[in-house]
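J.: Sequence:
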Amino acid sequence: MSKKNSYLSLFFKSIPIGLANTLPGVSGGTLALVLNIYETLINAIKDIKIKKLFVIGIGAAVGVLFGSAVITDLYQNQPLFVNYFLFGLVITSAHSTYKKIGHLSFLKLLVMVLAFAFALLFAREIQFGFLNAEGLMLFFIAGFFGSIAMILPGISGGTLLILMGVYHPVLNAINNLEFLILIVFGAGVAAGLLVFAWLFSYLLQKHQKEIMVILTGLILGSSAAVFPASFNIGGLAAFAAGAVIIIILEIIGQNT
1 MSKKNSYLSL FFKSIPIGLA NTLPGVSGGT LALVLNIYET LINAIKDIKI
51 KKLFVIGIGA AVGVLFGSAV ITDLYQNQPL FVNYFLFGLV ITSAHSTYKK
101 IGHLSFLKLL VMVLAFAFAL LFAREIQFGF LNAEGLMLFF IAGFFGSIAM
151 ILPGISGGTL LILMGVYHPV LNAINNLEFL ILIVFGAGVA AGLLVFAWLF
201 SYLLQKHQKE IMVILTGLIL GSSAAVFPAS FNIGGLAAFA AGAVIIIILE
251 IIGQNT
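Take the sequence shown: its letters are residues 1 to 256, numbered as in the UniProt record's numbering.
Accuracy of the hints is not assured; some may be wrong.
Unchecked claim - Okay, derived cross-link-like pairs now, BS3-like style, lysine-lysine, Cα gap no bigger than 30 Å in a straight line:
# : residue 1 : residue 2
1 : Lys108    : Lys206
2 : Lys206    : Lys51
3 : Lys206    : Lys100
4 : Lys99     : Lys46
Said to hold, decoys possible - Each pair of labels, with its calculated beta carbon distance range:
#  : residue 1 : residue 2 : range
5  : Leu114    : Gly57     : 32 to 38 Å
6  : Ile183    : Lys99     : 26 to 32 Å
7  : Val195    : Leu80     : 22 to 28 Å
8  : Leu121    : Gln205    : 27 to 33 Å
9  : Lys206    : Ala117    : 23 to 29 Å
10 : Asn176    : Leu110    : 44 to 50 Å
11 : Ser230    : Leu65     : 40 to 46 Å
What the hints contain is simulated information worked out from the structure, not anything from laboratory work.
Fair warning: this is a prediction, and the values are worked out from it, not measured in the lab.
Where is the CB? At the ideal position from N, CA and C, for every residue including glycine.
Please work from the sequences and hints to get the whole structure.
T.: Next comes the structure, spelled out in structure tokens:
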């Protein structure tokens, strides 16, 4: 296995992906693109490569545990500064998809704007009126559709779970080790990943540039979920820190 795809590299790259999936407005799929393991992730799921999935899963689990224990508390105590930081993350990460779209024609720009508008509505938390499930079935369904966010850049897993009303219950289940809820939610995630990985893999193989146009619009539109509520000088430093982290992660992804 090459250095680029080594298990140790996959483990460490999976940690920020798991972390991203605990944060509203940030997509784990986006960070997979930034870290240059997106296709590795999709193919590992599609072909059920157990060793790679195990390593990626462990790394993502570490990120989820860190996010649920630390980042969410920080979000509650310093929401404005965290939003500045996340806004910097999301906006800068769009560079990873934009550079792959080739020549920007009028049609591509139109598609990007439409994707931006869709993500903008999503980020503003338009509620899902069709979701009437309750109890454990709700956690399974949330896991199934939440898996989209784990492999589709521009769709935030945290925001998606908020729309389904299970964001805080899932975080509480992680922190309190409520195994029944976690097992049901995890089963939904696994089922969703298997279904959507095949679809996204096919689309990337056949229409990569077009998909990157859509993803760029989705990522930019999703930034509305973490747009700072007010101007703050200190927040600009947090924004810059988020942007710098994405630049560093992109460099790491290109060289490991």
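J.: Each hint: holds or not?
T.: Here is what the structure says about each hint:
no. : hint                        : in the structure
1   : Lys108 - Lys206             : holds (16 Å)
2   : Lys206 - Lys51              : holds (27 Å)
3   : Lys206 - Lys100             : holds (14 Å)
4   : Lys99 - Lys46               : holds (26 Å)
5   : Leu114 - Gly57: 32 to 38 Å  : holds (34 Å)
6   : Ile183 - Lys99: 26 to 32 Å  : violated (40 Å)
7   : Val195 - Leu80: 22 to 28 Å  : violated (38 Å)
8   : Leu121 - Gln205: 27 to 33 Å : holds (29 Å)
9   : Lys206 - Ala117: 23 to 29 Å : holds (25 Å)
10  : Asn176 - Leu110: 44 to 50 Å : holds (47 Å)
11  : Ser230 - Leu65: 40 to 46 Å  : violated (32 Å)
In terms of the numbered hints stated before, the structure departs from hints 6, 7 and 11, listed from lowest to highest.
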